[in-house]
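A.B. asks: Residues per chain, in single letters:
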Amino acid sequence: MSDSNRAAGDMVPGDGRWWRIGRVAGAALLIVVLLALPLYLPGEWLKVGTWMMTGAVGALGLTLLTGQAGQLSLAHGFFLLVGAVSYAVLSGPAGDPTYIGFGLPPVVGLLGAVLISGLAGAAFAPVSGRLRGIYLGVASLALVFLGFWLGRALPAVAGSTSSGRLPQPFSIFGLSVDVSRQLSSLSVFGVPLGRDERTWYLYLLLTAIAYLLAQGAVSGRPGRAWRAVRDNETAATVLGVSVVRVKAGVFAISSAYAGLAGVMTAWWTGIMKPDESEVAGSYGVTVSIAFLAMIVVGGLGSLPGAVLGAALVFGLPVALPLLTQSASADIGSGTAFSPIVITNFAYGALIVLIILFEPSGMAGLGRRLLGPARART
Amino acid sequence: MSGQTTGRTPGRRDVRPLRVSEVTVRFGGLVAVNRVSFTVEPGSIHALIGPNGAGKSTCFNAISGVCRISSGRITLGDVDLGRTPPHRIAALGVGRAFQNLALSPTSTVFDNVMLGRHALTGGGFLGHGLRAPWLRRAARRHADRVAEICDFLGVARYLHTPAGVLPYGDQKRVDIARALAVEPTLLMLDEPAAGMNASETAEMAALIQDVRDELGVSVLFVEHDMGLVMGIADRVTVLDFGRLIADDVPSVVQRAPEVIAAYLGVDDGQGQPAVKTRAGGGFPGTGGGNGDPATSPRPGRDGRAEPDSREAMG
Amino acid sequence: MQTFLQVLINGTGKGAIFALLALGFVIIFKATEVVNFAHGSLALAGGYVVAVLKPMVGWWSAAAAGITAAAVLALVIERLLLARARNASDTSLAILTIGVDVLVLTEVVRRLGTEASPFLGDPYDVKPLTLGDVTVGRSEVVALAVSVVLITAFFAAFRFSPWGVAMRAQSENREAAALMGIRSSRVTASAWAVGGALAGIAVLFLATQDFSGGGLSQATHGVALAAFPAAIIGGLTSPGGAVLGGFVVGLTEAMTAQYVDLDFAKVAVYLVMLLVLVVRPSGLFGRVVQARV
Amino acid sequence: MQTAQRALLTAAVAATLVLTGCSSKAVNNSSGGGSAVKTDVGVTDQTITLGVLTDASGVFKNLGLGITHGNEIWADEVNRAGGICGRKIALVQKDHGYAADKAIPLYGQVKDNVLGLAQLLGSPILAALKKQITDDKMVSVPASWASTNLDTPSVLMVGATYDVEMLNGFSFMQEQGFVHDGDRVGHIYVDSEYGKNGLAGSKAYGAAHNLTVVEAKVTATDTDMTAAITSLKSQGVKAIALTTTPKQTASALTQAKAQGIDVPFIGNNPTFDPVLLSTPAKDSFDKFYFVNGVVPFSADLPAAKDLAAKYAAKYTDTPNVGVDFGYASGLVWQSVLTTACNDKDLTRQGVLNAVAKTKVDTKELAGELDFSKPGQPSSRKSYIAQADATVPGGMKYVKQLFESPEAASYRTPFQH
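Line by line, the protein sequences give chains U, A, R and Z.
For what it's worth, numbering that gives the first Met the number 0 labels the leading residue of the first sequence as 0, then goes sequentially.
For what it's worth, numbering that gives the first Met the number 0 labels the leading residue of the second sequence as 0, then goes sequentially.
For what it's worth, numbering that gives the first Met the number 0 labels the leading residue of the third sequence as 0, then goes sequentially.
For what it's worth, numbering that gives the first Met the number 0 labels the leading residue of the fourth sequence as 0, then goes sequentially.
No lab work stands behind these hints, which were simulated from the structure alone.
From the three backbone atoms N, C-alpha and C, an ideal C-beta is built for every residue, glycine too.
Among the clues, some could well be false.
To be verified - From the structure, some residues in chain R lie toward chain U, with a derived Cβ separation under 8 Å:
| no. | residue |
| --- | --- |
| 1 | 109 |
| 2 | 140 |
| 3 | 272 |
As the list claims (entries may be wrong) - Distance ranges between label pairs, derived from CB positions:
| no. | chain 1 | residue 1 | chain 2 | residue 2 | range |
| --- | --- | --- | --- | --- | --- |
| 4 | R | 260 | U | 25 | 54 to 62 Å |
| 5 | A | 129 | U | 107 | 47 to 55 Å |
| 6 | A | 104 | R | 4 | 55 to 63 Å |
| 7 | R | 79 | A | 129 | 44 to 52 Å |
| 8 | U | 125 | A | 215 | 27 to 35 Å |
| 9 | U | 101 | R | 274 | 46 to 54 Å |
| 10 | A | 23 | R | 4 | 33 to 41 Å |
| 11 | R | 114 | Z | 78 | 43 to 51 Å |
| 12 | R | 89 | Z | 388 | 22 to 30 Å |
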């Protein structure tokens, strides 16, 4: 940074030397923990972790769109579906009598799925560009319903509602998701790197890429254009920003993120199967709302917030049943406070409490807690 | 966008005249600007004045491309602005500051001003996401220039403060810094002294003159403070009811009967026609303080909708 | 022709109930600009009270208690939560209502247990009226009558009562209304109470064999989702639009199911909504807000 | 600053490598005890542990709780009688709330502790886990009877499949003179493995008897059948088949009555739930017949009544057919485990081998079941019953367990 920039003094967050060192040390610690976790955590907890990362990738995309560029979207579930289906089709075996497949290498399938989801998002731009606020949000909900119908109307593509189709196993740099085999040829310090461990590292890699890309864009020219469009479209135009292009672009980028999250969902669940109902399922309204909840709870527009929000919204409902259902306990009666009921209570209450006491989400909380540390130079 | 990644060097720019000829702007059945013509000469300070609802802001919006003109031509040099997509007008060297401070309140001053360099910089999501080295190098150069501009406007110490928490006057300066970050040859300021006290207004006047003198750009501004207008403008264009009623040097405009009539007609209820207030000369402040038309609410005139307000168009 | 008439009647009947739901939704949005995702839960909670009290005090008293309960719950949500989160953005408040929704839904569904889902339309359910060759569920006819009465009453109140004036003023300009001494919190709270009561009335028709084919259950909550496109089609700020939107949704669903594809009906509703929005970005009767520079 | 960053990151990676040296997850293989019976996962000298992945809080919690309680009654009975192979039965129960995202980690949590699954509820969950239970050789009893799931030996399906039920049902309808060759019939079905499998049955019957099947596809959460009935009425169908949820059944029947379409209905087993007789739909069941593989809870049969008594003694939830099914699947497990015990092999592979040899008589609960033909249902027999509020238990049998010629000759999707 330039001299005049640095001369800006006390007000500069992140300019304090200790703050910077603390930040790097924190990041390093985080990396250590994330890399070492698979060596300690049992498989089901790695599954929880990879599910959180799936949510994080989707939430990063949505926070760019909604938090940074101010476009409310409830269509995230639809773009997850587009990504998952595109991967299944592109990488699916050619010549399968039941399901259409192009037999492309899985890596190409992954990139293709992300690209197709992005294009699908861009295709919605003529509509999204005209609408604002809640109108845009509910309009985008139409895509979820459309996807729900299309998924079932095209079983040769999206997998039959009866049994679904298997997403092709994926492997890169020895990191892989493969439902069919328990890989254990590789081991680190006596810990065999099986399916769950390798999936963890693969998801970690994808999440890190998604995060770093978003971070670079947010702090650079695209991010400034997004925020300008969010805060004042006319001013943005006058300052040289093509509002139409920026809106379409950020919708495409957000959808591409959702597409990647969709592929991760298909890998994680081990199946490509259209939802049974428009409300529940992996690509439905509930999921779209969950993504919105993630970014609000995390703090609109904040990237670490999106990741934390995803960990909470996707992680908690999956993690609590693991914790609360002890091996010996019976299910109990229909009106019991079962673990899932308790999980739902915790999820609902957390959302309410966070918005009530920290409207800018966990990111705001973080800023408040770290504020004093930043100010010290 | 463009491959251009360097800022233009100040001082050696090609400043061209802005010609507004026979421009008409209609909103539905209402004529907001009616066959208006004037020219902003290179390097001049040009004021656009008139009572509320005269069509000044509409005129500004037409020049910066955010409202369509119904007939007539607006050219900058030989480029027809009316046929240029609005977002490309900035790249032609038109920078604009806004009447109601269209800053992003949660973004830092640096970010706000850096937005002005959108058209001068390049790289999309992937380029910036991947932190392409050439983009980072260019970004550092632009950051230096932004810091320089902020320094020039005296807001450098706030560089990393969210714009929304700054005092009003400083926000105005940030807004102007952002317009300057476009590296304009034409700087458009919409009521730069609105809401300012006498000493702040004087500083603003000096600032506008500095900008012109040091950067050599043309300045077109809308202002209600007649002291400021008559004090610094090289030429004044007066609109009333969307029509041009005068276009000349301040001393001539001041005496033009149409202008006096127009201003007497909009007695703001203070019993003091605005034209009288600046008769005192110098920087008399703002027509008696609270009578300042810029700070008081802006109701439409009797029987006429306020053409500047699109909401009123229904 | 007979089939067409039957389809028309099916659609209109459903539309009356969607209209009731959407109206409550719009009243809340108009007064507070909060998208109430908990609307389905309000209905569910009201319905639960009816189901519990019905065997003890009879249908009429139970229904009155249920409507009151939904109104009180809405009031509590507004006073206890939303009113205290004034710094939060409208989007955050909408998400807050999602949290409330999860809480209420979970608790009501837990309480419903494994008993048969209770049906709430005792006086009119499964007593079809036959007009020549076409049949109409009595629940729908009663719902239509109730909606007409309620909507008329609402519009009268909206136009002539001090409450309506205050509410309109607030929806036009919150700050100006506050300046004129209109107590914002009272308008806001009353809007929530009215919205909640409307949800409590709607559930008396939702949890019927005639309308949804299912008793009060988690699924009832999902049906309330249909209020979204209805409210949007009409324009979120327009109570009249909500009513029209309800009928558009009902008729689109019925017509598509018969003449296009049964399975396509729900998508068709959203596509119609999308079409309306492309032509009129704030719905048919929604207020257009434009930014100024 | 850059150098400092790099140094710290390098340190981080180094630290990771050191930390990993003392990981707790390092493998230590241990083999089973010295008993004569071979064991691997989920079996000790004292207990055999079976998993229960059910829905106790979501949309299928009624069914899930019923099956779970049936499983429990069976396990108690076995344990009181001294267990199987000298070992007690222990059930590990997990509630997934009918959500695949919750079920997947829960499966991961139980998979290394259980021999098999006494219950695996939820078609989206079975679809997601099918590959894994196949790979893990995890014998599982699904709460679903779609013949499309018979493609893995790990699926232990108790009773006739939906397609077979529908074939028996149509055969009954024709026998009664309700439908004739060449008629148009309607079929309302849920768009899921359940509905599609039922539709496969009616289509197979239609192909054999020149029936035109008019399809009306609905989603699982739809409960209002008004439009479906209007549509089928306008197409002049002579009978309507249902592969729907109980709520959809009630709606279809009341709407048919209201709209004056006077045709007989035939439904798969899950279309009827006795609680429907206490809803406003109760007077609409006079032309409704349904096909059973497993007896309903309230049936007036000795085995079912015995079970009902045991249930009433222990549980308060409203019972349903799930209880009988949960109990019957227990009986099947009992038979499989006994066979495996006799073969001295209680490993997962041993259990798989035992399944292929198992033939078991569940008395009236589900008749005789034969698991020795891979890809085929364990039974092709069905009851035909009619809802009747005047009879204790809410239903009466109009035809005892039978196998129609169409069902006998039908080829299921994975039949070899």
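A.B. asks: So, for every hint listed, does it hold in this structure?
C.D. replies: Here's how the hints hold up against the structure:
Annotation: interface hint on residue 109(R) holds; nearest CB of chain U at approximately 5 Å, less than 8 Å. The interface hint given for residue 140(R) is broken, as the beta carbon of that residue sits about 29 Å from the closest beta carbon of chain U, more than 8 Å. Contact between residue 272(R) and chain U, as hinted, is supported at the beta carbon level, the nearest pair being about 6 Å apart and thus within 8 Å. The given range of 54 to 62 Å is respected by residue 260(R) and residue 25(U), whose C-beta atoms sit roughly 55 Å from each other.
Evaluation of the 47 to 55 Å hint for residue 129(A) and residue 107(U) yields a failure: the beta carbon distance comes to about 20 Å. A C-beta distance of roughly 58 Å is found between residue 104(A) and residue 4(R), which places it inside the suggested range of 55 to 63 Å. Checked against the hint of 44 to 52 Å, the pair residue 79(R) and residue 129(A) passes, with Cβ atoms roughly 48 Å apart. Checked against the hint of 27 to 35 Å, the pair residue 125(U) and residue 215(A) fails, with Cβ atoms roughly 43 Å apart.
Checked against the given bound of 46 to 54 Å, the beta carbons of residue 101(U) and residue 274(R), roughly 34 Å apart, lie outside it. At about 56 Å, the CB distance of residue 23(A) to residue 4(R) disagrees with the hint of 33 to 41 Å. Between residue 114(R) and residue 78(Z) the beta carbon distance is about 30 Å. The supplied range of 43 to 51 Å is therefore violated. Checked against the hint of 22 to 30 Å, the pair residue 89(R) and residue 388(Z) fails, with Cβ atoms roughly 52 Å apart.
Of the numbered hints given earlier, the model fails hints 2, 5, 8, 9, 10, 11 and 12; all others are met.
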